[in-house]
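Colleague: Residues per chain, in single letters:
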Amino acid sequence: KNEVEQSPQNLTAQEGEFITINCSYSVGISALHWLQQHPGGGIVSLFMLSSGKKKHGRLIATINIQEKHSSLHITASHPRDSAVYICAVLPMEYGNKLVFGAGTILRVKS
Amino acid sequence: EPEVTQTPSHQVTQMGQEVILRCVPISNHLYFYWYRQILGQKVEFLVSFYNNEISEKSEIFDDQFSVERPDGSNFTLKIRSTKLEDSAMYFCASSPSLGEVNEQFFGPGTRLTVL
Chain D
1 KNEVEQSPQN LTAQEGEFIT INCSYSVGIS ALHWLQQHPG GGIVSLFMLS
51 SGKKKHGRLI ATINIQEKHS SLHITASHPR DSAVYICAVL PMEYGNKLVF
101 GAGTILRVKS
Chain F
111 EPEVTQTPSH QVTQMGQEVI LRCVPISNHL YFYWYRQILG QKVEFLVSFY
161 NNEISEKSEI FDDQFSVERP DGSNFTLKIR STKLEDSAMY FCASSPSLGE
211 VNEQFFGPGT RLTVL
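Line order of the protein sequences matches chains D and F. Going by the numbering used here, the first sequence opens with residue 1, and the numbers climb by one from there. Going by the numbering used here, the second sequence opens with residue 111, and the numbers climb by one from there.
Simulated from the structure, these hints should not be mistaken for laboratory data. Errors might be hidden in some of the hints.
What the hints assert, rightly or not - Okay, derived cross-link-like pairs now, DSS-like style, lysine-lysine, Cα gap no bigger than 27 Å in a straight line:
1) D:Lys97 x F:Lys152
2) F:Lys152 x F:Lys188
3) F:Lys167 x F:Lys152
4) F:Lys152 x D:Lys109
5) D:Lys55 x D:Lys68
6) F:Lys167 x D:Lys97
7) D:Lys68 x F:Lys167
8) D:Lys55 x F:Lys152
9) F:Lys193 x F:Lys167
10) D:Lys97 x D:Lys68
11) F:Lys193 x D:Lys97
12) F:Lys152 x D:Lys68
13) D:Lys97 x F:Lys188
14) D:Lys55 x D:Lys97
15) D:Lys54 x F:Lys152
16) F:Lys152 x D:Lys53
To be verified - What the simulated footprint calls covered on chain F by chain D, stretch by stretch (three residues with Cβ under 8 Å from a Cβ of chain D suffice, anywhere in the stretch; the number is not a length):
17) 160-173
18) 195-206
Each residue gets a CB set at the ideal place from its N, CA and C atoms; glycine is no exception.
Could you build all of it, start to finish, from the sequences and the hints given here?
Modeller: Structure follows, in structure tokens:
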């Protein structure tokens, strides 16, 4: 059973496009992380949110707890945004362990 | 800005050998985690650690694995007798405390290759 589903799995965009990556989850959560993983493998935390919306530069993350859905938006995309974007949730029943989605592979072409 | 560090960045070992992966969490953090990612697969939780003991572990974390905080700064993951299927990226993370508002910060990972 996949507790965290991301879509799309792969996304290719032209530089400057507005990008949306979606995450749906099936369990009650206390928080949701959006993470970025570059080809070298390292993971960087972009956002942690439990309600509403957060913005950092060209990145915006929203969450709807009732619908169990979150989105990550990238405005004015750039080739350096090319990476794997991972949604990870903190289920209420599991203590402090994160449950990860499979990731969305984003490629932004110039 | 404080960050989680991991060493080595890449470890190659022979099957059956013991390996120790090292992590230095952010200095005022209290909760520590190990995750792994087999190539092409999702990141998976291995273990969480607080107050010098394991607070939670997954089914993956069997008797071949152990964790330790040998001093005030290092947090280690030991695999006693490595198997081919242990080849993966291993990520350490730390958070300042427990609860819904506490973000986990990840290290850059150690790529373990078992031959």
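Colleague: All the hints need checking, so say for each whether the structure fits it.
Modeller: Hints and how they fare:
no. : hint                : in the structure
1   : D:Lys97 x F:Lys152  : holds (14 Å)
2   : F:Lys152 x F:Lys188 : holds (21 Å)
3   : F:Lys167 x F:Lys152 : holds (17 Å)
4   : F:Lys152 x D:Lys109 : holds (25 Å)
5   : D:Lys55 x D:Lys68   : holds (20 Å)
6   : F:Lys167 x D:Lys97  : holds (9 Å)
7   : D:Lys68 x F:Lys167  : holds (26 Å)
8   : D:Lys55 x F:Lys152  : holds (26 Å)
9   : F:Lys193 x F:Lys167 : holds (19 Å)
10  : D:Lys97 x D:Lys68   : holds (18 Å)
11  : F:Lys193 x D:Lys97  : holds (25 Å)
12  : F:Lys152 x D:Lys68  : holds (20 Å)
13  : D:Lys97 x F:Lys188  : holds (20 Å)
14  : D:Lys55 x D:Lys97   : holds (25 Å)
15  : D:Lys54 x F:Lys152  : holds (25 Å)
16  : F:Lys152 x D:Lys53  : holds (25 Å)
17  : 160-173             : holds (count 3)
18  : 195-206             : holds (count 3)
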